[in-house]
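Residue numbers (my numbering), protein chains in the order written: chain A, 1 to 510; chain B, 1001 to 1378; chain C, 2001 to 2309; chain D, 3001 to 3323.
If you're looking for bench data, these hints aren't it; they were derived computationally from the structure.
This one's a predicted model, so the numbers in the text were calculated from it and none came from an experiment.
Among the hints, a few may not be true.
Claimed, not checked - Calculated pairs, EDC-like style, for lysine to aspartate or glutamate (alpha carbon to alpha carbon, straight line, at most 16 Å):
{"hint": "1", "chain 1": "A", "residue 1": "K188", "chain 2": "A", "residue 2": "E227"}
{"hint": "2", "chain 1": "D", "residue 1": "K3251", "chain 2": "D", "residue 2": "E3322"}
{"hint": "3", "chain 1": "A", "residue 1": "K200", "chain 2": "A", "residue 2": "E442"}
{"hint": "4", "chain 1": "C", "residue 1": "K2077", "chain 2": "B", "residue 2": "D1183"}
{"hint": "5", "chain 1": "B", "residue 1": "K1200", "chain 2": "C", "residue 2": "D2244"}
{"hint": "6", "chain 1": "A", "residue 1": "K402", "chain 2": "D", "residue 2": "E3322"}
{"hint": "7", "chain 1": "A", "residue 1": "K188", "chain 2": "A", "residue 2": "D209"}
{"hint": "8", "chain 1": "B", "residue 1": "K1007", "chain 2": "D", "residue 2": "E3322"}
{"hint": "9", "chain 1": "A", "residue 1": "K188", "chain 2": "A", "residue 2": "E93"}
{"hint": "10", "chain 1": "B", "residue 1": "K1241", "chain 2": "A", "residue 2": "D58"}
{"hint": "11", "chain 1": "C", "residue 1": "K2031", "chain 2": "C", "residue 2": "D2244"}
{"hint": "12", "chain 1": "D", "residue 1": "K3321", "chain 2": "A", "residue 2": "D209"}
{"hint": "13", "chain 1": "C", "residue 1": "K2251", "chain 2": "C", "residue 2": "E2084"}
{"hint": "14", "chain 1": "D", "residue 1": "K3313", "chain 2": "A", "residue 2": "E93"}
{"hint": "15", "chain 1": "B", "residue 1": "K1241", "chain 2": "A", "residue 2": "E343"}
{"hint": "16", "chain 1": "D", "residue 1": "K3308", "chain 2": "B", "residue 2": "E1250"}
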Amino acid sequence: MHQAAIELIGINKSFGAVHANRDINLEVRRGTVHGIIGENGAGKSTLMSILYGFYQADSGEIRVNGEPTAIRTSNDAIAAGIGMVHQHFMLVENFSVLENVILGAEGAPLLKTSIAKARSELRRLESEYGLEVDPDAIVEELPVGLQQRVEILKALYRGAEILILDEPTGVLTPAEADHLFRILGQLKEQGKTVVLITHKLREIMAITDTVSVMRQGTMVATRRTTETTVEELAELMVGRRVLLRVVKDAAEAGAVKLSVKNLSVKDQRGVTMVDDVSFDLRAGEIVGIAGVAGNGQSELLETIAGSRHAASGTVILDGMPVDLTGAADPGELRRRGLAHVPEDRHHVGLVLAFEENQNAILGYHRQRRYLKGPLLNIEAILADAKDRIEKYDIRPADCRLKTANFSGGNQQKIVLAREMEQDPDVLIVGQPTRGVDVGAIEFIHKRLIAMRDAGKAVLLVSVELDEIRSLSDRILVMFDGRIVGERGSDASEGELGLLMAGVEQREAAE
Amino acid sequence: MSAPYAKLPAWADYGLIPLVNLVVAFIVAGLVVLLVGENPFRAAVILVEGAFGRGQGIAYTLYYATTFIFTGLSVAVAVHCGLFNIGTEGQAYIGGLGVAIVCLAFDSLLPWWLTFPLAILGAAAMGALWALIPAWLQARRGSHIVITTIMFNFIAASIMVYLLVGPLKPLASQAPQTRLFLDGGQLPKLNWLIELFGGKVRAAPFNVSFLLALFMAWLMWVLIWRTRLGYEMRTYGFSPKAARYAGISETRIIIVTMMISGALAGMMALNPTMGDQHNVAIDFVNGAGFVGIAVALMGRSHPLGIVLAAVLFGMLYQGGAELSFEMPNISRDMIVIIQGLVILFAGALEHMFRPSIQTLFATLSPKSAGLAVNGEGA
Amino acid sequence: ADIQPAVLYDLGGKFDKSFNEAAYNGAEKFKKETGIDYVDFEVSNASQREQALRRFAEDGRNPIVMAGFAWVDSLTKVAKEYPELNFAIIDDAVDLPNVRSLVFKEGEGSYLVGILAAMASKTHKVGFIGGMDIPLIRKFGCGYVGGAKAAGATEVIYNMTGDTPAAWNDPAKGGEIAKTQMDQGADVIYAAAGGTGVGVLQAVADAGKLGIGVDSNQNGLQPGHVLTSMVKRVDVAVYNTFMDSKNDTFKGGLEHLGLKEDGVDYAMDDNNKDLVTPEMKAAADKAKADIIAGKIEVHDYSTDNKCPY
Amino acid sequence: MDVFIAAVQTLDSTVRLSVPLLLACLAGLYSERAGIFDIGLEGKMLVGAFAGATAAAVFHSALIGIGMAILVSTAFAMIHGFASITHRGNQIVSGVAINFIAAGSTVILGQAWFHQGGRTPALSAAERFPSIVLPGAAAVRDVPILGPIYSTLISGHSVLVYLAFLTVPFTWWVLYRTRFGLRLRAVGENPAAVDTAGISVAWLRYRALMCTGVLTGVAGAYLSMVQNGGFVKDMTAGKGYIALAALIFAKWKPVNAMFACLLFGFLEALSIRLQGTPLPIIGRVSAQVMQALPYVLTVVLLAGFIGKAIPPKAGGVPYVKER
Ligand SMILES: Nc1ncnc2c1ncn2[C@@H]1O[C@H](COP(=O)(O)OP(=O)(O)OP(=O)(O)O)[C@@H](O)[C@H]1O
Ligand SMILES: Nc1ncnc2c1ncn2[C@@H]1O[C@H](COP(=O)(O)OP(=O)(O)OP(=O)(O)O)[C@@H](O)[C@H]1O
Ligand SMILES: [Mg+2]
Ligand SMILES: [Mg+2]
């Protein structure tokens, strides 16, 4: 039987003026894990979406197991044994796991039978791959890690022989990621083929057999993983040498800038998300909050930033208490020198439909310098926007461009630039590098360190343990809404991992 | 949207495509005209000439346009904040109450140029008030704005009937309407404006509220794209989450937006009442609020687009009247069909010919074809 | 004289099975008899009134007849500008030498059908359904209540359909109101509600009860179930106006058209001859005579906006 | 006792009044649950009413009538689909257009064919839907309480009335128990998910609109062939908009929709009943107060008891993969 599971030959795809894929050739051998890396907007997702029939290529040929296969719709792809876990999950959020899994693969016109069938099938897959998830849970109530499982289950349920994962670990903790990779290994054992898109070169080295590099819509190189190095890949991607380690000298922490005391937060359903949390944040230090996604870090961040109401407790900013029980006003906090880089740049940090320059003032649009009386001071706004595009090397350097058309990395830079350039005393940052390519990561990390060295207080929340460890001067670990431990930046990954898993509690409990 | 691809020049985007759509709309309408045994080409000529041919026609066209500019702006302002104000009809109706109160009180005392500003305030205030309650309910109680505004249209009708057959009706008169406004409550006509350009206007209701409408259109442009408030409205309209993050108060922005929307709707009342009929009569709004929805969305919620769409509808109203004068077989209902077809083809189907036109451009002038830009990478 | 007559209808439209249609019928009758053609126009919004009126005036149409009180203001303006032309308005008065104002005494006609309704009713409860609660409709209602009470009706159930223009074209609701009134005991129902009335007559027919038509003779709409119709001879008024100008005998001024002038009446034809018993007819005709003779004074709502009954 | 009778009668009229709303509301439910807003319900009902009355009058058959009603209003639904699905046009504009075209064309054609000012000929009993008297209705009439309830409220309605109420559980079943329903709900929430699951978003939405067309057709037929025996211009009289309100009121759920429509029907029945005769104590209140009553109460209930209504996530936005 033919060696290659997939062959892409001369694939071209344009979105309007953007030539997202040009003359791409790619061969993926059966039974291997094939990595694809590249800058934001390099065309990875597009290429895979074409293979999955979500987009149609303008030209080019697709072969599956050597057979030229016309893939016009996702249906054709599924029929050809291809499954895909999309970067932005393709789930119906108010549906149960089960409903999401059977959608499109129901079989009978009546659900009764198909649901029963799916149930047992799910149980099988769970036990086989250790993909536990409550089939009757509503998806939007599941943490992202589990939501991704649902995506994987969807693919396996359809009997995928070729599994594509687009940035699967962007939202996962190390533990979850390891688990995912174990599953991928298992699939490989079974002779299935895996294509993995990621920005994390470590993962590439860890589990791929082959890796292809994309840049600006073209396929620039393909290497045997054993025959390449992280440095080489990074350089191939970005087209220049990239410094992958963060260099920083010891922090000299100053006065307490932000002090959180016995803070508790409930969500709209009344469930306690943040439970009696206290800590201090000093000038000139970066405090990292580690934790598995969904353990209250996000809520903690939002509450401190004033976009969420607290149930009890106090937050003191620069010696002055912040009103958290009433209608906390983010604008007020900004005026008091607290800047916030939210986790969700697509829906919270940015208005994707705005021109870049309009996003450059989001939240600061009430500042005098952006106003002429009730009018906006367009000149000032454009000037600032241009200035930042310059400073932060945001590409394309066009402040009139619709924000949706910037790549994730650049979208992230737009947010960072906006918040940092306000020269705040306290900067709180959520998932600064999620879904962002190495080039951008390097840049963003440098910036955060610079902030610290300039004597600013930085609070960093990230599910990337590496990031936490390499940036933070102190590390707080959150589990189940509580801070379960504090460690120095020298803490080992294993140690933190255990804390994040809440192991210590259980021991304490016993 | 696959190759060949051309980024259309603005004139094609905002001139050619709408024109093509309009032509198609008229062709289909022509078929309907053919059905009733009239000559579609003659009909088209009569319609266009009737609307733009003579000064008289132009005056009427602009008079109707004035009404639709107000209602169109009203709907559009709300749209920018992500709200669907289907209650423009009722807000305009109640706005008429504001006009009535002011005019009945002052038309004997003040000259028009003093009554007018007062009436503007009265109409705007009443319209805003009528939008305030649904807005407040939406913001505070989460009651869906569409239901409440629909309900408020009906309630407005009842209130106006009550007042116009009771308190506001002169005893002697049979008609459910206020007494005629005296000179102080009558807006001067603008027909001289048209005569300035050589058109002849014998008598037409075209009046100064047209200028107010244009001013409001300009004001809306400033509001939406040039003021902080407009910025906040658009932010909330696109992403309530982002608005919250940016420290924009949901309650405030919804209420303020709806009140502006209601005020614009209310001002519509000035045109038919002070401008033309010189009284406030039952059902003087006559569906203009619903036409406003079409006008706003066809104008892509942009003041300029709205003014153009409003003139288009003014043309259909006036040209339509001429048509049924000239062609007895073409009744007013035929005009309604034609309006519907225009809304369908020039509005809902606006994208139908875009791809083919883009392909055409690409093949005709490779220059204008968008250069294959690389995916912008970080 | 050779004339070019014109008719202008109100928002209700030419074929509203009501007074606009009556005007149309009058014009048609004139056309048939004299062979003289006429022009007409349906306005679709208030601003078109003056426009249409002017246009016909400019074209030298003469006489120009318009149906509906809503024309008063426009007519007052235009008639002044064209003193040489003859105008006529139906349902309201304009005090100009070249304008003939044709005001009907709907009260009187309604009084008669009220009597018939009460006598035909077994429950002595009768119903009235108006379109919108405007003075003109109250005028109908008032006379009807008067007649019904006079003929021994114990109760007149009195509904209006709505406050939006839809009130004149909502047969479904009209029917539902009729059903409700029948639930409440009414067995004869008088509808003065344009298109809505169609639904009323349908409902009473479905229930085997009796309805009363309005304006034109609607006895044929539900044969055997329409007791009678309160006809308002707009057609005659239009016809006469045309004729007078043809014979150069047109006179301006206010004309009250009541029973005496044959302006209003109750309709008898084959459709309802079995429904109206001789004694009912006798009673109605007696009342008619008394009203004409001035023995009975039917209150006219429009004089004081009140209804004493 | 006669208070009780009055109550039963009012409920009876409630049922009749709520049926057109209910049918239209469920119609809207199918399209909006699939992510297509539809303020064209009014127009589709109107053409349905016209086509039904016309066909019934011409072919002397109620069945042909309703068949035609369904056909024509489905055709209009397809126009809505062509504009808003195939050509990704603005769904509200498309809806408004349909309302205009419907209002104009019904009168024009009616006038051209029957010369009665857009009215269609009065339908004979055979050309309409008879009301069904359930077994034993007459017998139990005099049984206290239950008697009137059964014989007046339950029995004696047109077949379409029963059909309308059966449509509620049926719709529920379709939505939550069938493949089609699952996909329908999914495409209204996240079309991309449906797309990547290998289902055609467009075709799915077209089918949803067909359901809408069928139901608006029946709703129209009910107006012109049951409540009234013939078509009268503009006879929908804004019921399409009320149905829209009811749909939101019901938070896009079938069973709620029934209760919402019954509520609206009840309020209207109440206002009719109360208007007819002077009330105890208050005496006769002005007509307008009674006319406004249902709408005021709706707003009050909405604000007071009904929480936030979250529309289908993908509602109103055309499905565009590539910009
Ligand atoms: N649906 C779309 N419509 C229009 N343009 C698009 C679309 N998707 C992607 N693009 C363009 O194509 C380019 C490639 O996008 P793609 O998502 O493939 O990049 P990527 O490699 O997946 O980036 P990332 O690493 O951030 O996921 C982008 O720069 C973007 O401008
Ligand atoms: N529908 C779209 N229209 C235009 N550009 C798009 C569209 N979808 C994606 N893009 C662009 O494609 C590029 C990559 O798309 P993608 O959705 O992967 O975002 P991203 O860069 O991966 O950011 P993130 O990882 O946070 O999603 C980005 O420039 C994004 O803005
Ligand atoms: Mg991607
Ligand atoms: Mg990404």
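Taking the hints in turn, this is what the structure says about them:
Restraint check for K188 of chain A and E227 of chain A: not satisfied, since their Cα atoms lie roughly 20 Å apart, outside the 16 Å limit. Between K3251 of chain D and E3322 of chain D the alpha-carbon distance is near 31 Å, which puts this suggested pair outside the 16 Å criterion. Taking the CA atoms of K200 of chain A and E442 of chain A, the gap is about 12 Å. The hint holds against a cut of 16 Å. The straight-line distance between the Cα atoms of K2077 of chain C and D1183 of chain B is roughly 14 Å, inside the 16 Å bound, and the hint therefore holds.
Taking the CA atoms of K1200 of chain B and D2244 of chain C, the gap is about 36 Å. The hint is violated against a cut of 16 Å. Proximity of K402 of chain A to E3322 of chain D is assessed by CA-CA distance (about 15 Å); at most 16 Å being required, the pair is judged to hold. Proposed proximity of K188 of chain A and D209 of chain A is supported: the alpha carbons are some 11 Å apart, at most 16 Å. A distance of roughly 15 Å separates the Cα atoms of K1007 of chain B and E3322 of chain D; the hinted pair therefore holds under the 16 Å criterion.
Only pairs whose Cα atoms come within 16 Å are accepted, and K188 of chain A paired with E93 of chain A is rejected, the gap being roughly 30 Å. About 37 Å separates the Cα atoms of K1241 of chain B and D58 of chain A, which puts this hinted pair outside 16 Å; it is violated. With a CA separation close to 14 Å, the supplied pair K2031 of chain C and D2244 of chain C stays within the 16 Å bound. Taken as a hint, the K3321 of chain D and D209 of chain A pair is broken in the structure, with Cα atoms around 32 Å apart against an allowance of 16 Å.
Proximity of K2251 of chain C to E2084 of chain C is assessed by CA-CA distance (about 12 Å); at most 16 Å being required, the pair is judged to hold. Only pairs whose Cα atoms come within 16 Å are accepted, and K3313 of chain D paired with E93 of chain A is accepted, the gap being roughly 10 Å. For a cut-off of 16 Å, the pair hint linking K1241 of chain B to E343 of chain A stands: about 12 Å separates their Cα positions. Between K3308 of chain D and E1250 of chain B, the direct Cα distance comes to roughly 15 Å. Compliance with the 16 Å bound is thereby established for this hinted pair.
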